[in-house]
Amino acid sequence: MSTHEPDIHPASPHEPIEITLARLLRIGSFIAAVLIAAGIGTMLLGKEAAATRLITAGLLALLATPIMRVIAAGLIFIREKDWRFACFCLVVICSLAAGIYLGQTHG
Amino acid sequence: MLVQTLEIFLIAITAGVFGSMLGLGGGIIIVPVLTLLFNVPMQTAVAASTVSIIATSTGAAVAFLQDRLTNTRVAIWLEMGTSTGALSGALIAGYLEQRFLYILFGLLLAYSGYNMFKTRKNELPEGVLPDRLSQKLQLQGSYTDRQLGKKIDYQVTGTIPGLIVMYFSGIAAGLLGIGAGIFKVPAMDQIMRIPFKASTATSNFMIGVTAASGAVVYFARGDVKPMIAGPVVLGVLLGAILGAILMVRLKSSTIRKLFIPIIIYTAFEMIYRGLK
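Protein sequences appear in the order of chains L and S.
Counting in the working numbering, the first sequence runs from 2 upward without gaps.
Counting in the working numbering, the second sequence runs from 4 upward without gaps.
It is possible that some hints are incorrect.
Short, incomplete list of chain S residues facing chain L, as computed with Cβ under 7 Å [stated by the list, open to error]: (1) Leu68; (2) Thr75; (3) Met83; (4) Ser86; (5) Ala93; (6) Ile95; (7) Val212; (8) Val219; (9) Pro229.
For the record, the hints were derived by calculation from the structure and aren't laboratory data.
We treat Cβ as the ideally placed atom computed from N, Cα and C, and that holds for glycine.
Could you put the whole structure together from the sequences, leaning on the hints where they help?
In structure tokens:
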């Protein structure tokens, strides 16, 4: 039955969600890589304080990427009026937020 | 200092290659290497490893998403299980006997390792009938397999059991700080009957999200040391990109064979930790 379907998911006027998310992840990892590489370069030049700041900025960019990814997926589902999956994203975002909050207060 | 940074960087590349191919976080390489070879304190090593899980996930996801190997709908459905599980794990930590959990999860892994060994020759799952929920949520997927040179259409089953297993894998991650991908891949492979390559790619996509919430906490506590985590993350990121390019060209059965020794090793290590 599945072999005759032209496309798995119904046609949408927008680009597929995979392409949008891939672009987001590529931008995030590129920014992180550049900042960390610059930081390591600066460290080799002996400027430790500046190096630490650059690497930390890169790590934070990396950390934000998957969180942005869930939020972006949620927004895409809202745009496509796929309310069920938009709710699933909301559940994920809420438990992540609760986890971060608990981890910081109890840690 | 320079030599050490370079060594950490090279080992991190290796961890990134394997982690991205197998859908794992790579913590089983990073943590022992940092603590045993470089005398890094455990807390710093675990924090660096958690941040590097995000690097594995993000670096590899780009290639996997473009080949449509990642099933985003399955990923988001299952992330509900992993994220609420991790939260429950953090809440019940301290009320449960950790030894018992190590043994329990160790046995579970040994069992799925055995199942994986039995099906080691299967390239693709056959005769999978989607359950009603899977049809309703449109979880089925399709990707172009570069190794087989054809488009693979597949159905997904075990939608609810898969979610339940993910919830427990989330608990394991929240409580014991392990199991980034080692529980997710067998659950998608054996319960949901997703093709192995799509299972590891989807696991890879999911592990970044769970790791991110842990990493934020480590960051706030000051456990993330830039001089250690920086070279680790850069290496893992590069390795993950390479690993993903390599993985899409490998047979599913080859990747499965690489996965089996790792799952068996982890099972024994966990049982040992529970018993000692």
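Problem - When the least beta-carbon distance from threonine 75(S) to chain L is tested against 7 Å, hint result - result: 6 Å, holds
Exercise for the section: Classify the hint on valine 212(S) as holds or violated, based on whether any CB of chain L lies nearer than 7 Å to its CB. Expected result: For valine 212(S), the interface hint holds, since the closest Cβ of chain L sits about 5 Å away, which is under 7 Å.
Practice task
With chain L as the partner, please determine if leucine 68(S) meets the hint condition of a C-beta pair closer than 7 Å.
Solution key: 4 Å, holds
Problem - Interface restraint verdict for valine 219(S) against chain L (beta-carbon cut-off 7 Å) - result: Check passed: Cβ of valine 219(S) comes within 5 Å of chain L, closer than 7 Å.
Exercise for the section: Classify the hint on isoleucine 95(S) as holds or violated, based on whether any CB of chain L lies nearer than 7 Å to its CB. Expected result: This hint is violated: isoleucine 95(S) lies away from chain L, its Cβ roughly 12 Å from the closest one there, beyond 7 Å.
Handout entry: alanine 93(S) as chain L interface residue, shortest Cβ-Cβ below 7 Å
Key = Check passed: Cβ of alanine 93(S) comes within 6 Å of chain L, closer than 7 Å.
Problem - Interface hint compliance - serine 86(S) to chain L, C-beta minimum distance less than 7 Å - result: Check passed: Cβ of serine 86(S) comes within 4 Å of chain L, closer than 7 Å.
Practice task
Tell me if methionine 83(S) is really an interface residue toward chain L, meaning its C-beta lies closer than 7 Å to one of theirs.
Solution key: Constraint on methionine 83(S) satisfied, holds at 5 Å.
Exercise for the section: Against chain L, run the beta carbon of proline 229(S) and see if the smallest gap drops under 7 Å. Expected result: Nearest chain L Cβ about 4 Å off; hint holds.
Against the hints set out earlier in the document, a violation occurs for number 6 only.
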